[in-house]
Amino acid sequence: MTPLPRWVELGLLPLANISLAFLVAGAVVALIGESPVEAMAVMLKGAFVYDGALGYTLYYTTNFMFTGLAVSVAFHAMLFNIGAEGEAAMGGLGAALVCIALDAVLPGLMVIPIAIAGAAAFGAAWAVVPGWLQARRGSHIVITTIMFNFIAAGVLVSLLSGPLMRAGQSSPQTRDFAEAARLPFLHDIARALGFPATATPLNLSFLIALLAAFGVWVLIWRTRWGYALRAVGHSEGAARYAGIPVPRMVVVAMAVSGALAGCMALNEILGAQGRLVLNFTSGYGFTGIAVALMGRNHPVGIFFAALLFGALYQGGAELDFEFQTITREMVVLIQGLIILFSGALALMFVPALARIFRARAQ
Amino acid sequence: MRLISLLAGAALAALATAASAAEFKPAVVFDMGGKFDKSFNEGVWAGVKQFMDETGVEVMEFEVTNETQREQAMRRMVSRGATIVLGVGFAQADAIDKVAADNPNVQFAIIDVSWLDRPNLRQYAFKEHEGSYLVGVAAAKKSATQKVGFVGGMDIPLIRKFACGYVQGAKEAIAGTEVLQNMTGTTPTAWNDPTKGAELAQSQIDRGADVIYHAAGGTGMGVIRAAADAGKLAIGVDSNQNGLAPGHVLTSMVKRVDVAAYETFKDAMAGSFTPGVRNLGLAENGVDWALDENNAGLITDEIKAAVEAARAGIVAGTIKVHNYEDTGSCPF
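Quick mapping for you: the protein sequence lines, in order, are chains A and B. Count the first sequence with our numbering and you get residues 160 to 521, in order. Count the second sequence with our numbering and you get residues 1188 to 1519, in order.
These are calculated hints, taken from the structure and not from any lab test. In this text, a Cβ means the ideal position worked out from N, Cα and C, and glycines have one as well. Be careful, since some hints might not be right.
Distance ranges between label pairs, derived from CB positions [unchecked claim]:
(1) A:M269 to B:W1302: 28 to 36 Å
(2) B:P1433 to A:F445: 37 to 45 Å
(3) A:S394 to B:S1266: 51 to 59 Å
(4) B:S1266 to A:L366: 26 to 34 Å
(5) A:H393 to B:K1236: 53 to 61 Å
(6) B:S1516 to A:E197: 48 to 56 Å
Subject to a maximum C-alpha distance of 30 Å in a straight line, what follows is the list of computed DSSO-like cross-link-like pairs (lysine-lysine) [stated by the list, open to error]:
(7) B:K1491 to B:K1358
(8) B:K1212 to A:K204
(9) B:K1285 to A:K204
Just so you have them, the derived chain B footprint on chain A, three or more residues with Cβ under 8 Å [unchecked claim]:
(10) 308–319
(11) 323–335
Please build the complete structure, drawing on both the sequences and the hints.
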């Protein structure tokens, strides 16, 4: 089959998939007796137009970018990292330990970089173990990373309901970090520069996520290491024959992947919450898999997929506010449809589109 | 003539309700379990529904799905004109504290929290350990094997508090009673995993337990099912679950979150809202054990007498029930 033109494959195809998902979702909304057009309008306004909506959307986008990038790096070596959830949780622990230990001793400007390094290091360490087991012992990485999610959750629970728990209350969470040791909110920066801005959880980590996306692009497509990584992913046998140390590549790829997932904690723990809370990962790690698949494992695609999911999360919450009949389960249904049509059925339209464009070319 | 005055009266009444409804706007923010979790959130929902049915006032509601939405939802409720916002569960404490500080003219209330201090915030705390003590007494008295079980949901201090009160009750009722304990998990899915609940209950039954108390939300449905299937007894939690498997649920440790929700909105509507902490234990009927026609055949006079004696002792202060959250440990 002749390949499709680039703009069709990267632009038209995803658009067709998403439109179909929204059509089906609209039909479901109509079935429960609400107007699909109105619901769509509320969702779009809720994600981009309302006061502060864009801030929330980009805040969610940040989470999905980190986890999506994490999954994609591992995927380039044909490794399915299902453990972004646990790696993010450990990243949160790393960042929190640094902040709690140092925020009273060092100035914030010094604590923040160490905390970022802590988040990345803990996330990486958590991913290296399954990576090593895969490379040296052949334990399947899908199984081990899933199991590591539960272990990470267990570690967090025992620490947060034990030694790290803030005294005098019953919620499993640490004390608040010093204000200076937190990543500044973008609305605070805007206000300092003299612009009015609504308070949202959007913080500096959004820019860090953009930098990370650029970094991943350079790493995968502009370095020898990235070339070797893709070689391992395309054909392990050929890579080994070419002299690439495959086991080491697997371990390092998982380390990079885990570090990126751990950095999700920058947004949640160092940014939005300012303390370590249980369950801050809220499934973002798992949604990261869908984001990476939808974004075709390319940083640009991941950015747009993350933006779409960010908009769905924020706009979906507005739906829940506006319509008593549309519950959060409905919102999950819409998200599920989008994953179904643009992930699992992504290539459904390819034959049809190919026929159209081949006919035109002749 | 009478008809006309009746109609006029009805119209006036309708007008009055409409007017007060315009000023009074209640809102509730459910937590991650969701309002139909068959347990804690659903208990609150029962109170909210009772309030709506009785007064005809609509209550705005939202179910959060992640950490950040708690504060966002409360702020949205306030910006949509809510005059009273009810938060559900200790996880919302920090969010409600912030939003209440920023909106001194709006009233707030939260359930399962007691450590905040705002002039516009009412807090409800329940002495779950006291209620758990009672069902512990009942379990020990009922057990033929001197072994009873406990299945918790997510392993957090609040659930260890249930467990500790239960163990104390069982051991003080009959010295030497063995209590098998299991927590379902460490993630929020532990609240809604009936399959695992059934497995844990089955393993406790295999080890000899014949009465099993669950504090595990939706997971507890599996515990009750497994106990019923094996011909053993379960103890329900939060709401009265005696009817879920009649004859196989010894009793339930009821926690009247519905009363807290109902009372909050009722007080706010009547203008008699007061801030402060309401600590609801056995003496205040905030927690209790459930006796109804479904378990009447299971509760012998001896059990009833023992539980009522324990209840009287706790209310009078002669029995001190250890609160896990005071020390972070359980001495039993």
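Check your understanding: So which of the earlier hints does this model not fit?
Key -> none
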